[in-house]
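Taking the hints into account, I'd like the entire structure generated from these sequences.
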Amino acid sequence: LPYNIDSLIYRYNNTTDAFELAQSIATRGAVDWEHFVLSSRHYLCVANSFDAEFSSSSTTSVVYAWNGSSFEELQHFPTHGAKVCKYVQSAGRHFLLLANSYDGSRLDVESDMYTWDGSKFVFVGGLPSTGAASLAPFEINNALYIAVANRFNGAGFTLNSTVHRVRDAVRWRGAIEYSDSFLPSAGFIERSISDVSSVRDAQNNITVVIRPESDLPSGTVITISGLVGSQTPTGTLGLSGPDAGLFRSATAQFSLSSSVLV
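Just so we're aligned, residue 546 is where the sequence shown starts under my numbering, counting upward by one.
Read the hints as simulated data drawn from the structure, not as lab findings. Beta carbons are placed, not taken as given, at the ideal position from N, Cα and C, and that holds for glycine. Wrong hints could be hidden among the right ones.
[Said to hold, decoys possible] DEER-style ranges, computed between Cβ atoms:
#1 Leu-782 / Gly-649: 52 to 60 angstroms
#2 Leu-791 / Ala-700: 48 to 56 angstroms
#3 Asn-698 / Asn-750: 55 to 63 angstroms
Listed below in structure tokens is the structure:
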């Protein structure tokens, strides 16, 4: 089969009342196109599934940007038997999803998620998938979900498809987490810890300064470890300072045996 053939873009001509060929784009087993608009500029994404020149399902899918007269290549992404490309906007952020189905040896290959940084898409993380045939993003109560249609696992077509919730953590951690009960570890622009006394057995106050890369989701758990040498018994400790009210009940739990404050 002639996988490596051009895909065609037609433009409507009001004078002739017909669509006319406007541009041809080289594609490799193209199976899906997605159109979207960012900041009033038009984009196209193509999911390429197979490169006949190398007899490989591992190739690149491409995003093209409108330059005023034609679509030009903006960015390409490594994909494996790509089946679908999807664009979605959620909470002011722009995401691009690419469904991967087969890398030449495995069907359990992750599908990919990218986010727009203002000039290009950057990789966010992988979505578990098995011979994925499609992806569908949707929102419930302002939370973004992605449904993955898994098609084939090598033994048969009877297998589960999945729904993943994209946590708020994607805003500051650069990764996707899938469980509502998952408590991620944040990245911090600033983090420091200091005390007021180095005298053994003396009463001491510990000051912790943390500044996350972005707002932390409600319910986030912050763990401080390595508090070795303390003689404070295991139990509840009170928090003080101008930001103590940000924490539930302004308290934390200390474990003497593990030297951890949560």
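So which hints don't hold here, by number, going up? none
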